[in-house]
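Participant: From first to last, the protein sequence lines stand for chains P and C.
First residue of the first sequence? That's 1 in our numbering, and the numbers climb one at a time after it.
First residue of the second sequence? That's 1 in our numbering, and the numbers climb one at a time after it.
There may be inaccurate statements among the hints.
Claimed, not checked - Below, computed lysine-lysine pairings styled on DSSO-like, alpha-carbon distance capped at 30 Å:
(1) P:Lys457 <-> P:Lys393
(2) P:Lys578 <-> C:Lys232
(3) P:Lys567 <-> C:Lys232
Stated by the list, open to error - Covered by chain P, per the in silico footprint, the following chain C stretches (three or more residues, Cβ under 8 Å):
(4) 222-230
(5) 243-250
(6) 287-299
(7) 333-343
(8) 353-365
(9) 395-404
Keep in mind the hints are simulated off the structure, nothing from the lab.
All C-beta atoms, glycine included, are put in the ideal place defined by N, C-alpha and C.
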Amino acid sequence: MSPRATTALQPASTNPEFIRNFCIIAHIDHGKSTLADRMLGITGVVSDRDMRAQYLDRMDIERERGITIKSQAVRMPWSDGKQSYALNMIDTPGHVDFTYEVSRSLAACEGAILLVDAAQGIEAQTLANLYLALDNDLTIIPVLNKIDLPAADPDKYAKELADLIGGKPEDVLRVSGKTGVGVPELLDKVVELIPPPTGDPTAPSRAMIFDSVYDSYRGVITYVRVIDGKLSPREKIQMMSTRAVHELLEIGVSSPEPTPSKGLGVGEVGYLITGVKDVRQSKVGDTVTNAQKPSTTPLAGYTDPKPMVFSGLYPIDGSDYPVLREALDKLKLSDASLNYEPETSVALGFGFRCGFLGLLHLEIVTERLEREFGLDLIATAPSVTYEVTTEDKKQYTVTNPSEFPSGTKIAHVSEPMVKAAILAPKDYVGTIMELCQSRRGTLLGMEYFGEDRVEIKYTMPLGEIVFDFFDQLKSKTAGYASLDYEPTGEQEADLVKVDILLQGEAVDAFSAIVHRDKAYAYGVLMTERLKKLIPRQQFEVPIQAAIGARIIARESISAMRKDVLAKCYGGDITRKRKLLEKQKEGKKRMKMVGRVEVPQEAFVAALTGDVEEKKK
Amino acid sequence: MPSALPLADPAPLDGLLPASVAEGAAQRNFGVYLHVPFCRVRCGYCDFNTYTSDELRGAKRSDYAGQAIEEVALARRVLQTAGLPERQASTVFFGGGTPTLLPADDLIAMLAAVREQFGIAGDAEITTEANPDSVDAAYLLALREAGFTRVSFGMQSAVASVLATLERTHDPERIPLVVQWARDAGLAVSLDLIYGTPGETLDDWRASLVHAIAQQPDHISAYALIVEDGTKLARQIRVGELEAPSDDLQADMYELADELLEAAGYRWYEVSNWSRGEGSESRHNLAYWQGHDWWGVGPGAHSHVGGVRWWNVKHPAAYADRMLAGHSPAAGRETLDPETRRVERVLLGSRIREGLPTSELTAGGRTAVAGLIADGLVEPGAALRGRIVPTLRGRLLADAVVRRIID
Numbered sequence: 001m002s003p004r005a006t007t008a009l010q011p012a013s014t015n016p017e018f019i020r021n022f023c024i025i026a027h028i029d030h031g032k033s034t035l036a037d038r039m040l041g042i043t044g045v046v047s048d049r050d051m052r053a054q055y056l057d058r059m060d061i062e063r064e065r066g067i068t069i070k071s072q073a074v075r076m077p078w079s080d081g082k083q084s085y086a087l088n089m090i091d092t093p094g095h096v097d098f099t100y101e102v103s104r105s106l107a108a109c110e111g112a113i114l115l116v117d118a119a120q121g122i123e124a125q126t127l128a129n130l131y132l133a134l135d136n137d138l139t140i141i142p143v144l145n146k147i148d149l150p151a152a153d154p155d156k157y158a159k160e161l162a163d164l165i166g167g168k169p170e171d172v173l174r175v176s177g178k179t180g181v182g183v184p185e186l187l188d189k190v191v192e193l194i195p196p197p198t199g200d201p202t203a204p205s206r207a208m209i210f211d212s213v214y215d216s217y218r219g220v221i222t223y224v225r226v227i228d229g230k231l232s233p234r235e236k237i238q239m240m241s242t243r244a245v246h247e248l249l250e251i252g253v254s255s256p257e258p259t260p261s262k263g264l265g266v267g268e269v270g271y272l273i274t275g276v277k278d279v280r281q282s283k284v285g286d287t288v289t290n291a292q293k294p295s296t297t298p299l300a301g302y303t304d305p306k307p308m309v310f311s312g313l314y315p316i317d318g319s320d321y322p323v324l325r326e327a328l329d330k331l332k333l334s335d336a337s338l339n340y341e342p343e344t345s346v347a348l349g350f351g352f353r354c355g356f357l358g359l360l361h362l363e364i365v366t367e368r369l370e371r372e373f374g375l376d377l378i379a380t381a382p383s384v385t386y387e388v389t390t391e392d393k394k395q396y397t398v399t400n401p402s403e404f405p406s407g408t409k410i411a412h413v414s415e416p417m418v419k420a421a422i423l424a425p426k427d428y429v430g431t432i433m434e435l436c437q438s439r440r441g442t443l444l445g446m447e448y449f450g451e452d453r454v455e456i457k458y459t460m461p462l463g464e465i466v467f468d469f470f471d472q473l474k475s476k477t478a479g480y481a482s483l484d485y486e487p488t489g490e491q492e493a494d495l496v497k498v499d500i501l502l503q504g505e506a507v508d509a510f511s512a513i514v515h516r517d518k519a520y521a522y523g524v525l526m527t528e529r530l531k532k533l534i535p536r537q538q539f540e541v542p543i544q545a546a547i548g549a550r551i552i553a554r555e556s557i558s559a560m561r562k563d564v565l566a567k568c569y570g571g572d573i574t575r576k577r578k579l580l581e582k583q584k585e586g587k588k589r590m591k592m593v594g595r596v597e598v599p600q601e602a603f604v605a606a607l608t609g610d611v612e613e614k615k616k
Numbered sequence: 001m002p003s004a005l006p007l008a009d010p011a012p013l014d015g016l017l018p019a020s021v022a023e024g025a026a027q028r029n030f031g032v033y034l035h036v037p038f039c040r041v042r043c044g045y046c047d048f049n050t051y052t053s054d055e056l057r058g059a060k061r062s063d064y065a066g067q068a069i070e071e072v073a074l075a076r077r078v079l080q081t082a083g084l085p086e087r088q089a090s091t092v093f094f095g096g097g098t099p100t101l102l103p104a105d106d107l108i109a110m111l112a113a114v115r116e117q118f119g120i121a122g123d124a125e126i127t128t129e130a131n132p133d134s135v136d137a138a139y140l141l142a143l144r145e146a147g148f149t150r151v152s153f154g155m156q157s158a159v160a161s162v163l164a165t166l167e168r169t170h171d172p173e174r175i176p177l178v179v180q181w182a183r184d185a186g187l188a189v190s191l192d193l194i195y196g197t198p199g200e201t202l203d204d205w206r207a208s209l210v211h212a213i214a215q216q217p218d219h220i221s222a223y224a225l226i227v228e229d230g231t232k233l234a235r236q237i238r239v240g241e242l243e244a245p246s247d248d249l250q251a252d253m254y255e256l257a258d259e260l261l262e263a264a265g266y267r268w269y270e271v272s273n274w275s276r277g278e279g280s281e282s283r284h285n286l287a288y289w290q291g292h293d294w295w296g297v298g299p300g301a302h303s304h305v306g307g308v309r310w311w312n313v314k315h316p317a318a319y320a321d322r323m324l325a326g327h328s329p330a331a332g333r334e335t336l337d338p339e340t341r342r343v344e345r346v347l348l349g350s351r352i353r354e355g356l357p358t359s360e361l362t363a364g365g366r367t368a369v370a371g372l373i374a375d376g377l378v379e380p381g382a383a384l385r386g387r388i389v390p391t392l393r394g395r396l397l398a399d400a401v402v403r404r405i406i407d
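Put together the whole structure using the sequences plus the hints.
Facilitator: Shown next, in the form of C-alpha cells:
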C-alpha cells in the first residue's frame with residue numbers, strides 16, 4: 001500500500017495546525033496493536049516487508065501476552081487529498097496497573113480512538129481509560145474493530161457505544177485491523193475530528209515526558225510532547241522536578257525507528273536522548289525546559305508512582321542472590337515504578353521486598369526476571385500497605401507481615417481501599433456479588449450496558465483483591481468478567497497477623513495479615529497444605545496457625561519410623577552407597593526451619609497453592 | 001542381586017586387579033560367593049538375577065557348574081597375580097536364584113573347586129540357600145557329607161495368603177520337615193522371613209514369627225519387603241490390584257520381630273539378622289558389613305577385594321560366552337578412594353551390633369552423635385566407649401542415622 005501523503009511534513013517546521021496527536025484506548029485483546037500495525041502499513045512508514053506483528057510492542061513478553069507495557073509514539077504522514085498532515089500515534093499501556101502512565105500518555109494527545117471488539121463489546125478496562133480520556137478533554141472517536149469476525153455484532157455494540165458516549169450509532173466507525181477495512185477512513189476522521197494542538201511558540205519551552213524507556217545501547221530514551229516553545233539538538237535542557245541539566249545529544253521522531261530531526265516544535269511528539277542511564281532521571285510526567293531560558297511553571301499532573309502491592313522475591317537457588325540483585329538493578333533502569341530493598345527470610349534466605357503498581361506489574365516483573373535473567377524465583381503472597389497504630393500511639397507502616405508490631409496492643413489498623421468496577425454478562429451478577437461480599441466488598445451500584453451487560457461497582461480492601469481475586473472472578477464467570485480498580489483511600493478494619501509455626505517456630509514466609517473473620521480459614525488452609533507438603537521427620541512435627549500466642553488451627557506430621565534399606569543385595573554395596581549419595585544430595589535442597597527439613601518445593605507449592613500429595 | 005548393575009568403569013577382559021588390593025590383605029578374611037541364577041518360577045516380588053528355563057536364551061543349567069568352576073580358577077590366578085597372600089576361604093556361600101535347583105553333585109563340585117584353588121579353613125562356614133520344596137533328606141545329607149555346614153531356607157511366611165501374594169510355591173507345612181532333615185544331617189539352620197507383604201496383617205506376621213521360632217533354627221533373617229521397579233508386584237501396586245506396604249506397619253512388624261526373637265533367645269547382630277547364641281551369626285553375611293574380601297562367582301555376582309568392587313555380566317548366556325572365550329566375566333568395577341572407603345565403613349558399620357568405631361567419623365560426625373544419643377537412635381553406653389551402635393529405633397532409621405554422621 002502506498003501512502004496518500006506524497007510529501008511528509010518535516011519535524012521542527014510543522015505548523016501545529018497540521019498536527020494531530022491521538023492515542024488508542026482499548027481493552028487487552030481488542031486489537032489495538034493490530035490496528036496500530038495496520039496504520040503503520042497504510043501510511044507507509046513501515047513497508048510490508050518489515051512489518052512484523054505488533055511492531056510497536058518491543059518487549060518479548062508484550063508480544064507473547066499481546067499487551068503493551070511501555071508506550072511508544074510514532075509519527076505518520078497522512079493526507080486528506082488537499083493537505084499533508086503529521087499524525088502522532090501515542091500507544092498507551094492498557095492495564096489498570098499503569099493508570100498513571102496512561103494518564104500521562106493521554107495528556108499528550110488531543111484525541112483518542114476508543115477501540116472496542118465488535119464481538120465482545122466494552123470492558124471495564126476500557127471504561128476506566130475512557131474516563132481518563134474524557135477527564136483530559138480528549139475528542140473521542142468510537143470505533144468497532146474485528147468486524148471481519150463471524151461472531152461480530154457491530155449493530156449491537158455500536159448502539160452500546162453510542163449510548164455510552166452520546167451520539168448516533170451510525171457515527172461509530174467499523175474497521176478490521178486485520179484486513180485493513182475502514183482504516184483509511186478512520187485516519188481521515190482523525191484529521192477531521194481531532195483538534196490540532198495549540199501552544200505558544202515564543203514562550204520558554206515546555207515539553208511533557210509521557211514515557212521513558214531504557215535502551216542498552218543508547219541509554220534512556222525519553223518520549224516528549226512539546227507544549228510551548230521549541231527543543232533543538234545540542235541545547236541544554238532541564239528537568240523541572242529535579243532541576244537536573246542534561247545536554248540533548250539527539251532529538252527526533254519515531255517513524256517508527258528513531259529518526260533524528262532538527263528539533264521539535266509546538267504540538268510535536270518525539271524523543272530525546274541525553275546519555276542518562278537511569279529512567280529515574282527522566283520521570284514520566286515531568287516537564288522538560290530549556291536550561292538557559294527556563295520556564296517557571298511546570299506542567300500540571302506530575303506525581304511519583306506509588307507502589308500498591310508488595311511481595312518478597314527470593315531465588316530458589318540461594319547462590320543466585322547476586323544475580324537477582326543485578327537483574328533488579330537493570331530492570332530499574334527501564335521501570336521507574338519498580339521499588340525494592342533487600343530482605344531476609346528465615347525460610348527463604350536472602351531476597352528482596354519489592355513494591356509494584358499492581359498485580360500485573362508484579363507478574364510482569366517476575367516473568368522478566370525469570371526470562372531475561374534465567375532466574376528461578378519464589379514470590380511470597382502479595383501484600384499491601386497497612387498503617388498500624390499501637391495503644392501506646394506509635395505508628396507503623398507495614399508492607400510485610402514481619403513488620404506487624406507484636407508484643408504491644410494494637411489500637412487500630414487501616415488498610416488501603418479501592419473502588420472496583422466489574423463488567424460482566426448479567427447472568428453472573430449473583431456470582432460476582434457473592435464473591436465481592438466474601439471479600440468484604442460494599443456495593444456502590446450497578447449499571448446496565450446494552451441489554452445484557454452490567455457494571456457492578458464495589459469498594460473493597462485492596463488486600464482482598466491482591467489475593468487471587470482476579471483468578472476467582474475469571475473462573476466463576478467463565479472468563480467473561482473484566483475488572484478495573486482505583487485507589488479510594490483507607491479504612492479501619494479488624495486485621496490480625498496470622499503466623500504459621502513449624503514445631504513452634506514461625507515460618508516468616510507464610511505469615512499473613514488477614515481480617516479476623518478469615519484468620520481461621522487461612523490458618524486451616526495453610527496448616528493442611530503444609531501437612532501434605534512436608535515429608536515426615538524423625539520426630540513429630542506440630543504445624544500450628546497462631547494469632548500472637550493464641551493457636552487457632554493445628555495439624556501434625558507424625559514421626560517417620562522407618563528409614564532403612566533392609567538388605568544389601570548379595571554384596572552390592574555400591575548400590576547402597578549410591579543411594580546414600582542421592583539422599584545426601586536431596587538433603588542439600590532442604591531448608592531448615594528449626595530442626596525441620598523442608599524441601600524448597602514445599603515452600604513454592606504452599607505459597608502458590610499448587611499442592612500435590614508428597615510422595616511418601 | 002538387584003536387576004540393574006551400577007554404572008562405573010569397564011572391567012578389563014583379563015580381570016586383573018591393581019596391586020593396591022593386596023594392602024592389608026592379611027587382616028581381611030577371604031570368602032567366596034557362588035551365585036546360582038536359576039529358579040523354577042519367578043516370584044512376583046523378586047528382582048534378583050535369576051532365570052526360569054524359558055528365559056535362559058540357550059544357556060544350559062547343566063553347563064553352569066563347569067563355568068562357575070572356571071571362574072574359581074580365574075579368581076585364583078587374578079588374586080595371585082595381584083600379589084595377594086594365599087588365604088583359605090573362611091566362608092563359602094551358595095545363593096540365588098535357587099542353588100538347590102542344581103543337583104547336589106553340582107554344588108559339591110563347585111565347592112571342591114574352591115577347596116582345590118584356595119583351600120578351605122577348618123572352621124569355615126559353608127552355606128547354601130534352599131527352597132523348602134526343592135530339597136529332601138538325601139540331598140541335605142549329601143551336602144553335609146561334602147562339607148557344607150549350614151542351610152538357609154526361604155520360608156518367607158507361615159501364612160498361606162501371604163505366600164500366595166508373594167507367589168511362593170512351597171507348602172508352609174513343609175518347613176518343620178525340611179528343618180528336621182537338615183538338623184538330622186548335622187547342618188545349622190537359618191530361616192529367611194519377609195514382612196510387609198501387601199495384605200499381610202500384624203497378626204499374620206506374628207503367626208509367621210511364632211512358627212519360625214517354634215522350629216528353633218540357629219538363625220533368623222527378617223527382611224522388609226521392598227517393592228522393586230520392574231517386578232510384577234510393582235505393576236500390581238501401580239494398577240491398584242495390591243496396596244503398597246506401609247512404612248508404619250513395617251516398623252510395627254520390625255519391632256514385633258525384635259521383641260519376639262529377643263524373648264526367644266535370639267539376638268540381633270545386623271539390622272535384619274538375629275542369631276541364637278555366640279557363633280551362630282552368618283559370618284559370610286557379616287563379612288559384607290565388615291569390609292572383608294570376597295569373590296562373587298556367577299552371573300551378576302558382586303565382588304570386593306581390597307577397595308575394588310566389581311560385578312559380573314548379568315545374563316547366564318552372556319556369562320557363558322565370557323567363560324567360553326576365556327575372559328573375565330566382570331562387567332564393571334570401581335576403585336574406591338580412601339574417603340569413599342571411609343564412607344562405606346560408616347555406612348556398613350553403623351548397622352551391626354559390633355558397631356562403628358567413632359574414630360571413623362570426622363569431627364563434625366562425632367559431634368552429631370550427641371544428637372543421635374539425645375534422639376534415642378544410638379546406644380549411649382556404647383557411644384561413650386567409642387562405638388556407634390544403633391538402638392531399636394536407630395536400626396529402623398539406620399539410613400537417617402548415617403546421613404546425620406556422614407557430613
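Participant: Hints first: check each against the structure and report whether it holds.
Facilitator: Hint check:
1. P:Lys457 <-> P:Lys393: violated (35 Å)
2. P:Lys578 <-> C:Lys232: Status holds; Cα separation ~25 Å.
3. P:Lys567 <-> C:Lys232: holds (20 Å)
4. 222-230: holds (count 3)
5. 243-250: This one holds; 3 residues, not fewer than the three required, reach chain P with a Cβ under 8 Å.
6. 287-299: holds (count 4)
7. 333-343: Coverage by chain P holds for the segment 333-343 of chain C (3 residues, Cβ < 8 Å).
8. 353-365: Violated - the segment 353-365 of chain C has 0 residues with a Cβ nearer than 8 Å to chain P, which falls short of three.
9. 395-404: Result for this restraint: holds, n = 8.
Of the numbered hints listed earlier, those contradicted by the structure are 1, 8.
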